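If you read the protein sequences in the order shown, they are chains C and P. Under full-length UniProt numbering, think of the first position of the first sequence as 1, with each following residue one higher. Under full-length UniProt numbering, think of the first position of the second sequence as 1, with each following residue one higher.
For the record, the hints were derived by calculation from the structure and aren't laboratory data. The structure displayed is predicted, hence computed values, not measured ones. Warning: the hint list may mix true and false statements.
Which copy is meant is left open, so a pair is good if it fits within one copy or across any two.
In silico lysine-lysine, DSS-like type, Cα no more than 27 Å apart, as pairs [claimed, not checked]:
| hint | residue 1 | residue 2 |
| --- | --- | --- |
| 1 | K115 | K251 |
| 2 | K242 | K349 |
| 3 | K52 | K115 |
| 4 | K195 | K251 |
| 5 | K251 | K365 |
| 6 | K365 | K354 |
| 7 | K251 | K310 |
| 8 | K195 | K242 |
| 9 | K115 | K310 |
| 10 | K349 | K365 |
There are 2 protein chains.
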Amino acid sequence: MTDPTRDLLPEGLEDRLPREAAAVTRISRAAIDVMDSHGYDRVRPPLIEFEKSMAGRMDGVQPRRMFRFVDPSSLRTLALRSDITVQVGRIAATSLARAPRPLRLCYGGQVVTIKGDGLDPTRERLQLGAELIGSDAVEAVSEIVLLAIEALTAAGARGISIDFTLPNLVDALAAGPFPLAGDAIEAVRRELDAKDAGSLREIGGEAYLPLLYATGPFDRAIAQLAAIDAGGALASRIDGLKAVAARVGDKARITLDPTERHGFEYQSWFGFTLYAEGVRGVLGRGGTYRIHGLDEPATGFSLYTDELVKADQGAEHARDVLFLPLGHDGEAAARLRAIGWRTIAALSKADEAKVLGCTHVLDGKEPQPL
Amino acid sequence: MTDPTRDLLPEGLEDRLPREAAAVTRISRAAIDVMDSHGYDRVRPPLIEFEKSMAGRMDGVQPRRMFRFVDPSSLRTLALRSDITVQVGRIAATSLARAPRPLRLCYGGQVVTIKGDGLDPTRERLQLGAELIGSDAVEAVSEIVLLAIEALTAAGARGISIDFTLPNLVDALAAGPFPLAGDAIEAVRRELDAKDAGSLREIGGEAYLPLLYATGPFDRAIAQLAAIDAGGALASRIDGLKAVAARVGDKARITLDPTERHGFEYQSWFGFTLYAEGVRGVLGRGGTYRIHGLDEPATGFSLYTDELVKADQGAEHARDVLFLPLGHDGEAAARLRAIGWRTIAALSKADEAKVLGCTHVLDGKEPQPL
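Okay, chain C solo, but in the shape it has when bound (with noise of 0.2 Å):
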């Protein structure tokens, strides 16, 4: 006898039985398809790597969140990877130093992190996503955004919304316009983060205040922003974010947040956050930072599927299968799943072809329903 409780698994592991692992099939196939067909070539970074190396490239942010163990090997600190966008820009820094720019890469593969993400306990994710290597300005930013929405939507997504964010926004206006000391930038952005209005004036940040108000739907947002007398900093922020926005058009609703920090610790001027209609939480985030190690501009997102994967189970993805009798012709079935036929051969007498899930049976050289 097994032990029943040895079966149990992680908390926040999971299996994906077949209708689950289907959809995650279909889902990081179609986005991974879609990123491809606009000239993003897929590139493959290992399950694990010196915990050094990933640690050094993601700025202090998120190493802690890793399984980390020693190589007996090399007697080195290994990670388990927690995000594939670090090895991207590893890759784009190194073997990939010389390639043309811009450089446009995509992956997609397991993450996994010690801890879940706030009450979210799933510690194992599917990431998926591109980056274009070479540019942070308005084409490369728009080229970006209209790909998540596409790679989203082939992905099953309906009725997908961005919301819009300028991360370094603060420290931009804190060098320039409405000048701020060292240490009163973190507390400015901590205020603007909890949108409150009274502490904001309290430490002296009453220049930021107007920034609370400039969110919600794009164009009144973008309106309010553009109220702000802050110069140029700003003025080229808005019109590249106008810009993106009338390249996006109709194809997602857009709001904007300039001053949402969370998830944008790497991002320099333009942040987006993706998400869909009835669809639980964030399913991807994107948006310029600048490559570790090479000081070069760059424009990324990531996916993260999983709760598209629950969304697209619900759809109906029933298919036709052939029952293939004991003796059957081996030739006609094999011409039918050429043209997509699914079939499952008897091995025995006892097998019976709805317990099995069929729909047809192969008679002579022909399908019949059952």
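The hints should help you fit chain P onto chain C, whose structure is shown.
Just chain P now, kept in the frame of chain C:
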């Protein structure tokens, strides 16, 4: 400046850059699609599990090859999977214990070991495979062997050869016509493995000598095996091998090595190893076994296609790529992508079609060769 040594990957782990990564994607999709077309449902177990649960299903053969680490959440030891077969066995014995039999499952994913295999330092590999749970009879074995050949062929293998073996033959003969004391069984196995006739005689294994000569091309070797007068256990195995070989026909070259045991520690009456022309080493292994904790017969195989990836890269997979100039017709580009074109859009005037690997340029609504 980045320390360049930080960018080195640990021994036996590597990035798959675009050409190789594309080959991996092509090969794994092709193999999975073949398994799917024969009614094998994909499952996706997690990358890590409780070490005890995985090791307990390996019968002590491989657990020391797994990376292990403590889970801060459960304080139990986890392991990074080194083999997906044991995970599929767990699923068959637990979540899918009540699913109708025969149960057809397939899988594809990364596995990692602490050490490479012999001289090959590779520590991360793609494992693809199928398990037919509920039967180890000749019909099941034939289906699995033919499926492995078809999957490898779809993945690009040519000139496939299969080596059949009879993993528990010595046990069966020792329990029947050629009795051996307990510890003599292991000694006889060892000398058969070493193909050492002298030592085999010395340890009293004379009756097993003819097995040494029943190796090589199938027809000749099976005749040698049939000449051994060992009663029912051997006769039924010979009939089984002949029936499977007849089903394989000219789809693969077949050899027999009845006492080969390396890699068949789990297998019962039948095992096989797959090779292909121009590809170094073993491409896959399979055979009959019993599901751990369920004592149910099963037949399956695993493919390790890394050597095929290297061969595939030599093949020509050049694709047409369409350059989209600034201000191009976006709808025309989308229509062309929908019929299979790959596009690369200009982000600025500096982008040059040929530098970016394009073969065509969009002129109005139509592609023109460059």
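Okay, the hints, checked on the actual structure:
When the C-alpha separation of K115 and K251 is checked against a cutoff of 27 Å, the pair qualifies neither within a copy, at 35 Å, nor between copies, at 49 Å. Taking identical chains as interchangeable, the C-alpha atoms of K242 and K349 lie at most 27 Å apart only when they sit on different chains, with a minimum of 22 Å there against 68 Å within one chain. With identical chains, the CA atoms of K52 and K115 are at most 27 Å apart both within one copy (20 Å) and between copies (21 Å). When the C-alpha separation of K195 and K251 is checked against a cutoff of 27 Å, the pair qualifies neither within a copy, at 29 Å, nor between copies, at 70 Å.
Only between protomers do K251 and K365 lie at most 27 Å apart by alpha-carbon distance; the minimum there is 22 Å, versus 47 Å within a single protomer. Taking identical chains as interchangeable, the C-alpha atoms of K365 and K354 lie at most 27 Å apart only when both belong to the same chain, with a minimum of 20 Å there against 51 Å between chains. For the identical chains of this complex, K251 and K310 are intra-copy neighbours only, at 23 Å inside a copy versus 41 Å across copies, given an alpha-carbon limit of 27 Å. Taking identical chains as interchangeable, the C-alpha atoms of K195 and K242 lie at most 27 Å apart only when both belong to the same chain, with a minimum of 24 Å there against 77 Å between chains.
Taking identical chains as interchangeable, the C-alpha atoms of K115 and K310 lie at most 27 Å apart only when both belong to the same chain, with a minimum of 21 Å there against 37 Å between chains. Only within a single protomer do K349 and K365 lie at most 27 Å apart by alpha-carbon distance; the minimum there is 20 Å, versus 59 Å between protomers.
Violated hints for the displayed structure, listed by number in ascending order: 1 and 4.
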